[in-house]
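Q: These protein sequence lines are chains A and B, in that order. Mapping the first sequence onto this note's numbering, position 126 (from 1) lands on 126, and the numbers just tick up by one. Mapping the second sequence onto this note's numbering, position 217 (from 1) lands on 217, and the numbers just tick up by one.
Be aware that a few hints might be false.
[To be verified] Straight line, CA to CA, 20 Å or less: simulated DMTMM-like cross-link-like pairs of lysine to aspartate or glutamate:
1. A/K232 with A/E255
2. B/K258 with A/D251
3. B/K258 with A/D122
4. A/K258 with B/D234
5. B/K232 with B/E27
6. A/K29 with A/D9
7. B/K258 with A/D32
8. A/K258 with B/E255
9. B/K232 with B/D32
10. B/K29 with B/D9
11. A/K232 with A/E27
12. B/K258 with A/E255
13. A/K258 with B/D122
14. B/K258 with A/E27
15. A/K29 with A/D251
16. A/K232 with A/D122
17. B/K232 with B/D129
18. B/K29 with B/D234
19. A/K258 with B/D240
20. B/K232 with B/E255
21. A/K258 with B/D251
22. A/K232 with A/D32
Simulated from the structure, these hints should not be mistaken for laboratory data.
2 protein chains.
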Amino acid sequence: MLLSVIQTDPQFGDVSANIQQAVSLMEGKRADLYVLPELFASGYNFMDRSELDQYAEPATGPTFELIARFAAAYSCYVVYGFPERADRIYNSSALVGPSGLVGTYRKVHLFYRETTMFAPGDLGFPVFDLPFGRVGMMICFDWIYPEAARSLTLRGARLILHPSNLVLPHCPDAMVTRCLENRIFTATANRIGREDRGGTDLSFIGRSEIVSPRGEIMTRLGETTAGAGVAKVDLSLADDSLNRYNRLLADRRPEHYKG
Amino acid sequence: MLLSVIQTDPQFGDVSANIQQAVSLMEGKRADLYVLPELFASGYNFMDRSELDQYAEPATGPTFELIARFAAAYSCYVVYGFPERADRIYNSSALVGPSGLVGTYRKVHLFYRETTMFAPGDLGFPVFDLPFGRVGMMICFDWIYPEAARSLTLRGARLILHPSNLVLPHCPDAMVTRCLENRIFTATANRIGREDRGGTDLSFIGRSEIVSPRGEIMTRLGETTAGAGVAKVDLSLADDSLNRYNRLLADRRPEHYKG
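Pulled out of the complex, with its shape left as it was, chain A reads as follows:
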């Protein structure tokens, strides 16, 4: 399968243009499964909860409609981040395929001012079976908690789809560790640009990437330009056999773990 991470340069609040940029980048480089950034259509740096409320939409809202049309037209899958209006407002991602919504994930570990605006995710770390294999999602700051990728791996995910709006420098290299310690693929789609709003000035670091179970960086984009990174991946290579004596997951010893 061809896997793609789409690195965009969203302008806060310019929803139509932001979606159009993502669609153009996807159309420019065909793939079977695309990952877009966190909150890719709305932008990230909401002033407060009432501003966030203006942009929140249901999982099958207008952004979904546009992406679902794309996925149907090109017979592909797309994962993207959006502010989800439900019982509360969540920082969510949706996995959409040719036949519509496959599933959603609600960010479990909220970062910084997100904690004042979004509700913490209440769905745990679900996995989904696609024609290519089993996948799961996490969003941005979830990377720093090894339990996120581990939980998905122990539920059988062979690929983690990771919409992000990274501002700290560490995640791209840390994802190599996530792949090695779980023997899975990861696809981190980040954004570039800057949002200086309401006294909070955030710059996003780009460096979207796809990493293999052996920790190889299969594609990694730059820090300042939008674009698409594509890698051909075979999810059956996400196998926990390290050598003839060690199976990474089977050799875990949970009776000695605290957590």
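With chain A fixed as given, assemble chain B onto it according to the hints.
A: Then chain B, alone, in the frame of chain A:
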């Protein structure tokens, strides 16, 4: 406190010379706490269990006696790896101070042919209170299991002492992730050189290092030379407060973790 990682070039089976090299390197650069490599006195690449049996010694055996004399003479602490003779033979590390043995750790995750010779550790991941703060130990391949460092962190360790005999290239960079995700210090003492014995040819990668809770590499040695790396560390900086909204450990959400 001054923390030191000692990178040695042991020759298989030459126990006296291997200990002497470690002691010379420690004497050459004074510190409050030294970390030596895994199995630093015996060498690593045992042909089989009966050869291992010749080198195994109790936690208070002759290697301990020499190291304890050093720790008493210089009022310091030393951590080192050794093949521990007990009810079975374990791949262990000892923490020794001016007054003698503080505690031991038995490697929980055995690597490659170790699985055919050593018994898997049965003590879990204990922690120990030193004058500088609380510490824990893990050995070499334990690095690939995030549960090892996490378990120590959740028990209050602010520094992980990590005797190693690394052959794979990934650990030095992965330890940066271990520090970031736990907000702790780590000290990895590795060896250099090669052991080609009984059809198994192993080369060790050096790169011993000390890493801070912010993921800074405070010292990192080379791949081919023995030596000592020293860093001044303040364990009170191992604090889980990331910013005014996030506390790394307090923000964990175990109800959503599988493990």
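Q: Now tell me, hint by hint, if it's right for this structure.
A: Results of checking the hints against the structure:
1. A/K232 with A/E255: violated (38 Å)
2. B/K258 with A/D251: Since the Cα atoms of B/K258 and A/D251 sit roughly 16 Å apart, the hinted pair holds (cutoff 20 Å).
3. B/K258 with A/D122: It holds: about 14 Å lies between the C-alpha atoms, which stays within 20 Å.
4. A/K258 with B/D234: Since the Cα atoms of A/K258 and B/D234 sit roughly 25 Å apart, the hinted pair is violated (cutoff 20 Å).
5. B/K232 with B/E27: Measuring from Cα to Cα gives roughly 17 Å; hence the hint holds.
6. A/K29 with A/D9: holds (17 Å)
7. B/K258 with A/D32: violated (29 Å)
8. A/K258 with B/E255: holds (14 Å)
9. B/K232 with B/D32: holds (10 Å)
10. B/K29 with B/D9: Cα-Cα ~17 Å, so holds.
11. A/K232 with A/E27: holds (17 Å)
12. B/K258 with A/E255: holds (14 Å)
13. A/K258 with B/D122: holds (14 Å)
14. B/K258 with A/E27: violated (37 Å)
15. A/K29 with A/D251: Answer violated: A/K29 to A/D251 is near 40 Å, above 20 Å.
16. A/K232 with A/D122: violated (33 Å)
17. B/K232 with B/D129: Satisfied, since the Cα-Cα distance of roughly 19 Å is no more than 20 Å.
18. B/K29 with B/D234: holds (19 Å)
19. A/K258 with B/D240: holds (17 Å)
20. B/K232 with B/E255: Status violated; Cα separation ~38 Å.
21. A/K258 with B/D251: It holds: about 16 Å lies between the C-alpha atoms, which stays within 20 Å.
22. A/K232 with A/D32: Distance ~10 Å between A/K232 and A/D32 Cα, so the pair holds.
When each numbered hint is compared with the structure, violations occur for hints 1, 4, 7, 14, 15, 16 and 20.
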